[in-house]
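Sequences and hints are given; from them, build the entire structure.
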Amino acid sequence: MLGFIARRTGLSLLIVVLAVSLLFGMIHMIPGDPASVLLGPRATPELRAELNERMGLDQPIVVQLGRFLGNAARGDLGEDVFSNRPVADIVLEQLPFTLMLVFAAIGAATLIGVPLGCFSAIRRNSLLDRIAGILSVGFIAVPSFVVALYALLLLSVELRWFPAIGAGETGDWASMAHHLVLPALALGLGWVGYIARLVRASMLEVMGENHIRTARAFGLPERVVIGRYALRIAILPTVTILGLGIGTMLSGALFAEIVFSRPGVGKLLYEAVMTRNYPVVMGTVLVTTVFFVAATLVSDIVNALLDPRLRTQGDRR
Amino acid sequence: MTPREGLIASTWRQLRRDPLGLAGLTIVVVVGVVTLLAPWIAPHDPLEIDVYNRLMPPSAEYWLGTDQLGRDIFSRVLFGGQVALKVSLVAIGVSMAIGLALGMLAGFGPRWLDRLLVVAFDTMRSFPTIMFALAIVALLGPSLNTVILVIIIASIPIYGRVVRTQTLALREKDFIKAERALGASTFRILVFHVMPNIAAPLLILASMDVPVVVGMEAGLSFLGLGVEPPTPSWGSILNDGYSYIRNSPWPIVAGGIPLIVVTLGFTFFGESLRDIFDPKLRSKQ
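Each protein sequence line maps, in turn, to chains A and C. Counting along the first sequence from 1, when you hit position 201 you're at 223 in the working numbering, and nothing is skipped either side. Counting along the second sequence from 1, when you hit position 242 you're at 652 in the working numbering, and nothing is skipped either side.
There's no promise every hint is true.
Said to hold, decoys possible - To list a few chain C residues with every Cβ distance to chain A over 10 Å, as calculated:
| no. | residue |
| --- | --- |
| 1 | K496 |
| 2 | I540 |
| 3 | P639 |
To be verified - Partner residues aside, some chain C positions facing chain A, computed with beta carbon under 10 Å:
| no. | residue |
| --- | --- |
| 4 | P611 |
| 5 | L613 |
| 6 | A628 |
| 7 | L648 |
| 8 | L669 |
Source of the hints: derived by calculation from the structure; they are not laboratory data. In this text, a Cβ means the ideal position worked out from N, Cα and C, and glycines have one as well.
Listed below in structure tokens is the structure:
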């Protein structure tokens with residue numbers, strides 16, 4: 023098991039380094055050096071040389087990459103080209119907003135999805151099961167930013183039930199929660215369907231097993247059989263899939279943040295892209311990639327802990 | 411013995427019994443035809459500006475109302491479909507072809523190559539897709555070709571992984587071993603024996619991928635990083651609508667509906683196909 027964890031962690035680290043190198047290489051392949059983009063057409067050669075030296079752009083690309091990775095490992099992601107503030111500080115400032123959104127979305131999706139899937143499994147092939155099945159597929163398929171736009175249009179602009187802009191007053195929990203409802207719902211809706219389908223499928227599997235029949239034979243009420251014996255096992259695949267969900271939701275969070283004008287990592291990246299603020303682009307992508315890979319790694323390890331067959335899957339050939 | 415039924419005929423026979431799949435297929439066909447005929451169906455030029463009729467609600471003249479420049483939203487939605495069609499055809503076609511080649515190479519080639527390709531696929535998938543897309547757009551500048559490139563790079567690993575798994579499974583089958591014993595070349599085995607056997611899962615994957623690709627194009631265009639104005643795309647219509655959300659709800663309503671319809675159509679159709687080709691999954695549900 024330790025070997026499995028070590029191998030997986032090593033591979034994840036390798037992947038992060040490769041991904042960052044790839045991005046780094048691409049940034050440096052584009053025509054037009056960052057200095058002339060930043061300083062504009064009227065910059066003198068001396069100014070450009072000074073900026074290049076300050077940002078280390080006069081070094082060969084391999085040296086630059088090595089320096090970037092070395093600094094990144096120590097938590098230094100370089101400086102914002104406009105404000106000269108450390109990129110790491112800027113990203114860490116925005117990260118809590120995004121994490122709050124992602125966890126709220128996952129929480130909402132679980133709270134709606136698990137009962138829905140559970141109910142569908144118990145009343146298999148009933149009308150409600152069918153409707154829930156179709157809705158699940160629909161929820162999964164529709165792009166989250168369309169859901170976000172419709173929610174904004176209907177519930178904020180037309181009905182004025184929820185605020186349209188921002189994340190609320192920092193420290194005022196009621197206002198923050200109020201601002202969180204719509205973005206979290208837009209982001210989590212797709213996962214409602216996903217979780218519901220997953221819970222339904224594994225519930226159906228578990229319900230056919232011997233220990234459930236034994237529990238029923240003992241005359242336990244159906245509520246206890248399902249709640250305490252069936253769901254407890256059936257929910258395991260969902261728990262592991264949520265790890266992946268956190269990573270994938272980072273992408274969706276970007277749209278929710280932009281549509282609802284919320285602060286967050288996605289909005290930060292978007293603004294950095296629009297202003298060609300490369301250090302911030304690199305820093306944000308690095309942080310989100312590390313998050314994504316780490317979430318995948320954790321859910322892989324949890325999966326392997328639960329199901330020993332997976333541990334050797336990498337060496338199938 | 412009954413005469414053997416062709417693959418298409420038997421698929422159709424089973425699809426006919428699945429109302430959701432049939433509804434999905436109908437949507438796919440209708441949207442496809444309407445999109446192709448857009449230049450003849452559209453009541454207005456999608457770029458024609460009418461400053462006296464800006465942000466109008468739907469009327470007999472403008473079926474879905476007008477946007478902030480007085481352009482006919484219905485015509486823009488129709489032409490937006492052409493952008494979505496072009497992006498999904500090109501992006502899925504190219505990434506499927508490359509993914510097919512790389513996946514077969516990984517599955518059938520030497521072990522070191524397999525390891526290398528799997529790490530490469532995993533690296534590509536380790537970026538959250540939209541973050542990766544934004545980074546590329548930051549580098550290459552916004553345009554439809556950039557969008558297509560981003561989608562291709564992001565999709566190759568998805569196809570590659572599926573093809574690799576399928577090829578690995580086929581590799582141990584007796585008919586492939588027999589073929590090899592008969593002295594067939596690797597190329598021959600891959601093209602004539604492996605490819606036909608992975609075509610079905612690959613096509614199902616592609617039909618489930620259409621909504622993802624269409625959504626990505628619309629998403630990037632919504633962010634202003636896709637099609638260049640004034641080209642209509644469902645995403646850019648939504649972007650216009652977002653800017654004027656307090657003045658008129660119609661651009662957002664009109665831009666979102668085709669996205670939802672197309673997504674549902676392809677998803678239901680793809681799920682139905684998957685159930686037909688993979689009955690194991692069906693019994694599980």
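*Should the hint that C/L669 touches chain A count as held when the rule is a Cβ pair under 10 Å?*
5 Å, holds
_Least C-beta distance between C/I540 and chain A, which was stated to exceed 10 Å_ = 4 Å, violated
*May I ask you to test the interface hint for C/L613 with respect to chain A, counting a Cβ-Cβ separation under 10 Å as satisfied?*
18 Å, violated
*Quick one: work out the minimum CB distance from C/P639 to chain A and report holds if it exceeds 10 Å, violated otherwise.*
15 Å, holds
*Answer holds if the nearest beta-carbon of chain A is closer than 10 Å to that of C/A628; otherwise answer violated.*
7 Å, holds
*Taking the least C-beta to C-beta distance, is C/P611 closer than 10 Å to chain A?*
Where the cut-off is 10 Å and the nearest Cβ of chain A is about 19 Å from C/P611, the hint is violated.
*Supplied contact hint for C/L648, tested at 10 Å Cβ to chain A*: Because about 6 Å separates C/L648 from the closest Cβ in chain A, which is inside the 10 Å limit, the hint holds.
*Could you check that no beta carbon of chain A comes within 10 Å of the beta carbon of C/K496?*
18 Å, holds
Violated hints, listed in ascending order, are 2, 4, 5; each of the other numbered hints is respected by the structure.
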